[in-house]
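First to last, the sequence lines map onto chains A and B. Just so you know, we're using the numbering used here here: the first sequence kicks off at 1 and counts up by one. Just so you know, we're using the numbering used here here: the second sequence kicks off at 1 and counts up by one.
The hints are simulated quantities; they were obtained by calculation from the structure and are not laboratory data. Check the hints yourself; a few may be wrong.
To be verified - Once the Cα atoms are required to be at most 25 Å apart in a straight line, the calculated DSS-like pairs of lysine-lysine come out as:
no. : chain 1 : residue 1 : chain 2 : residue 2
1   : B       : Lys75     : B       : Lys36
2   : B       : Lys36     : B       : Lys103
3   : B       : Lys71     : B       : Lys103
4   : B       : Lys36     : A       : Lys253
5   : B       : Lys75     : B       : Lys103
6   : B       : Lys75     : A       : Lys253
Claimed, not checked - What the simulated footprint calls covered on chain B by chain A, stretch by stretch (three residues with Cβ under 8 Å from a Cβ of chain A suffice, anywhere in the stretch; the number is not a length):
no. : segment
7   : 30-36
8   : 47-56
9   : 73-83
10  : 90-98
Stated by the list, open to error - For each label pair, taking beta carbons as the anchor points, the in silico distance ranges come out as:
no. : chain 1 : residue 1 : chain 2 : residue 2 : range
11  : B       : Asp86     : A       : Pro96     : 39 to 45 Å
12  : A       : Thr245    : B       : Lys75     : 24 to 30 Å
13  : A       : Pro244    : B       : Thr85     : 55 to 61 Å
14  : A       : Gly249    : B       : Asn65     : 25 to 31 Å
15  : A       : Gln92     : B       : Asp86     : 53 to 59 Å
16  : B       : Glu78     : A       : Pro274    : 56 to 62 Å
17  : B       : Thr85     : A       : Asp324    : 57 to 63 Å
18  : B       : Asp94     : A       : Ala295    : 28 to 34 Å
19  : B       : Asn65     : A       : Asp324    : 36 to 42 Å
20  : A       : Ala262    : B       : Thr85     : 36 to 42 Å
21  : B       : Glu78     : A       : Arg367    : 56 to 62 Å
22  : B       : Lys75     : A       : Asp168    : 30 to 36 Å
Backbone N, C-alpha and C fix where the C-beta goes; we use that ideal spot for every residue, glycine too.
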Amino acid sequence: MLTRRGLLQAGAGGWLTAGARPGEAIAGAAGAAEVLAALPGKRPLIQRAFRPPNFETPLAQLAASFTHNDAFFVRYHLPIIPQLDPLQWRLQVGGPSAQRALTLSLRELQSSFEQVSIAAVNQCSGNRRGLFSPRVPGVQWGSGAMGNALWRGVRLHDVLQRAGVGADALEVVCSGADAAVLPATPAFVKSLPMERALDASTLIAFEMNGRPLPHWNGAPVRLVVPGWTGTYWMKHLTDIRIVPTAFDGFWMKVAYRLPTGAFPGARFISQETPETTPITEILVNSLIITPLTGARLRRGAHAELSGKAWDAGAGIETVEVSFDGRRSWRAATLLEDLGRFAWREFRMVIDTSQSGPLEIAVRARSRNGAQQPDELTFNPAGYHDNIVQTVTVEVA
Amino acid sequence: MRGVPAGLVLAAGALLLTGPCGALWAASATEITQLKAAPGSDVTLERCIKCHSVEYIPSNAPAMNRAVWQKTIQKMRERFGAPITDEQAQQILDYLAANYADKP
Chain A
1 MLTRRGLLQA
11 GAGGWLTAGA
21 RPGEAIAGAA
31 GAAEVLAALP
41 GKRPLIQRAF
51 RPPNFETPLA
61 QLAASFTHND
71 AFFVRYHLPI
81 IPQLDPLQWR
91 LQVGGPSAQR
101 ALTLSLRELQ
111 SSFEQVSIAA
121 VNQCSGNRRG
131 LFSPRVPGVQ
141 WGSGAMGNAL
151 WRGVRLHDVL
161 QRAGVGADAL
171 EVVCSGADAA
181 VLPATPAFVK
191 SLPMERALDA
201 STLIAFEMNG
211 RPLPHWNGAP
221 VRLVVPGWTG
231 TYWMKHLTDI
241 RIVPTAFDGF
251 WMKVAYRLPT
261 GAFPGARFIS
271 QETPETTPIT
281 EILVNSLIIT
291 PLTGARLRRG
301 AHAELSGKAW
311 DAGAGIETVE
321 VSFDGRRSWR
331 AATLLEDLGR
341 FAWREFRMVI
351 DTSQSGPLEI
361 AVRARSRNGA
371 QQPDELTFNP
381 AGYHDNIVQT
391 VTVEVA
Chain B
1 MRGVPAGLVL
11 AAGALLLTGP
21 CGALWAASAT
31 EITQLKAAPG
41 SDVTLERCIK
51 CHSVEYIPSN
61 APAMNRAVWQ
71 KTIQKMRERF
81 GAPITDEQAQ
91 QILDYLAANY
101 ADKP
C-alpha cells in the first residue's frame, strides 16, 4: 500500500523541478490553488483540465532554451486521443484542388522529402487567458501554454507539390486523429491560407528536440506553423486536403476568431468577415522568469532578471527593462539567437543597493517595429495577451 | 484509429493528496468527478461529464455569470450537439448560476 510519505517521495523530483514543494499551494492565474499532475510520459504540469487534457508548463520549466518534451504544455479540444502506431499511421493528401492523391507512411514521408529542422515557439492562442480582465470563459491558462522546441520534419510545401497544387487552390485543410465523444460534435479541423501552407517554414514534423514527438504533443506526426498560434499546429495529423473554397468548419468559422482589424499580423483573407477574422500570427511578447513577484532580494547581493522574448518570426530587436514605474527604460542583454521563430533569452543585473520595493517592467520590440503594449486589447475569446508584464520584489 | 479515452485509463490509477492549503497534489493526473452538492448537481454532472471532465466548471467560475452560463449551455447544445433537453438545460443553468458564477 502506498503511504502519503511514499507518494511524496515518488513525486518529489518532479515537484521540486516544477518550482513548488509538495504540500505547498502555488498561486494560480486568478489566485486559486493549482494542481500539479503528471500525464503518462510527462512530468507534473499544471492541470487546467483533465479531459480533454489541458496541462500547462510551470514557469520554472520555461527557463530552458528548449522546453523539455516531458514538460511541454498539452492542449486538446476533444477527449478521444488514440495512441497511433507509427508503423500503421498513414497521411492522406488530396482534395479537389490536388492533381493527385497521395498516401504516405511515416517511412515514406521521412525518406521521400528533404528533412529540415526549425526552432520555433509553439504558443496556444489562449495563453494567459486566465490573466484577462474582465475574465473570459475558456481554459484559464497562465503564462505556460507555450514552449520552444527544435522541430524536425519535411516541408508541407514539398508534400503539396508532390500532390500537385491546382490553379484554383485557396486553402489547405488539415485533420488529426483525435475525436469527440458525440458524432454531432464538430471534428477538430483547421485550414491554412495557401501562401502560409506553401511557406518554407511550415513543416510536417515527426521529431521534437531530437526525439519522436511525445504522444501528448501529436505523435507520430504534427503540423508545425512557426510564427502562427498553436491552433494551426494540427496534432496526430492524418489528412491534408487542398481545396478551392473557404473551409467552413466550426473551428474556423466560429472559434479562434478576433474582431477584424483589432490586431496586427497576417490576414487570413478567405476566412475574414467584416466583423471577425481568424487569429493568425503570434504577437511580440516577453515573459519574466526570474525573479518571481514577491521575491525578497538581499540588499547588496547579486540578483538577475531573466526571461524570454519572442514574436512571429521577424526576430527580437530589443528587450527593455524599467525599474521606475515605466518612466525610463534600459536595454537588457540578449542571449544566443536560436532562430527567428524561437524565443530569445534576456538578462539584466538588478541593482540591489537600495532597500525597498522594486517594480520591474519588461517590454520587447520586434525587428518589424512592433512593441508590447501597456493596455490589453480586450476580445471575447481571451487571445493575444501580450501586454507589458511587471514583477514586484522587495530588497531588504 | 479510435482508442479508449485516456481519461478512463488514468482515472483507475488516480492518486490524490490534499495539502495544508487545500491544494490537490496528484502524482498521476486524475479526473475530478464531483460538483458542489445542490439542487441540479446530479443532472449537471451526468450531462456534462459525458464529454468533458467537470473541473472546467469550477475553473471557469470566475468568468461566469448567469448570462454567460446560458450562452455556454446553448453552445454545448447547438454547436457541440450535447443531448440536453430544455428542462435539463433549465435545471443545469439554475444550478451553475447558483453555484459557479463568480463574475459580477
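We went through each hint and held it up to the structure:
1. Lys75/B x Lys36/B: holds (23 Å)
2. Lys36/B x Lys103/B: With Cα atoms ~18 Å apart, Lys36/B and Lys103/B stay inside 25 Å; holds.
3. Lys71/B x Lys103/B: holds (14 Å)
4. Lys36/B x Lys253/A: violated (35 Å)
5. Lys75/B x Lys103/B: holds (19 Å)
6. Lys75/B x Lys253/A: Holds, at roughly 14 Å.
7. 30-36: With 3 residues close enough to chain A, the hint holds.
8. 47-56: Held - the segment 47-56 of chain B has 6 residues with a Cβ nearer than 8 Å to chain A, which meets the minimum of three.
9. 73-83: holds (count 5)
10. 90-98: violated (count 0)
11. Asp86/B x Pro96/A: 39 to 45 Å: Holds, since Asp86/B and Pro96/A (Cβ atoms, about 40 Å apart) stay within the stated range.
12. Thr245/A x Lys75/B: 24 to 30 Å: holds (26 Å)
13. Pro244/A x Thr85/B: 55 to 61 Å: violated (41 Å)
14. Gly249/A x Asn65/B: 25 to 31 Å: holds (30 Å)
15. Gln92/A x Asp86/B: 53 to 59 Å: violated (41 Å)
16. Glu78/B x Pro274/A: 56 to 62 Å: Given a distance of about 23 Å, which is not inside 56 to 62 Å, the answer is violated.
17. Thr85/B x Asp324/A: 57 to 63 Å: holds (60 Å)
18. Asp94/B x Ala295/A: 28 to 34 Å: violated (45 Å)
19. Asn65/B x Asp324/A: 36 to 42 Å: Since the Cβ atoms of Asn65/B and Asp324/A sit about 39 Å apart, the hinted range of 36 to 42 Å holds.
20. Ala262/A x Thr85/B: 36 to 42 Å: holds (38 Å)
21. Glu78/B x Arg367/A: 56 to 62 Å: Because 44 Å falls outside the window, the suggested range is violated.
22. Lys75/B x Asp168/A: 30 to 36 Å: Holds, since Lys75/B and Asp168/A (Cβ atoms, about 34 Å apart) stay within the stated range.
When each numbered hint is compared with the structure, violations occur for hints 4, 10, 13, 15, 16, 18, 21.
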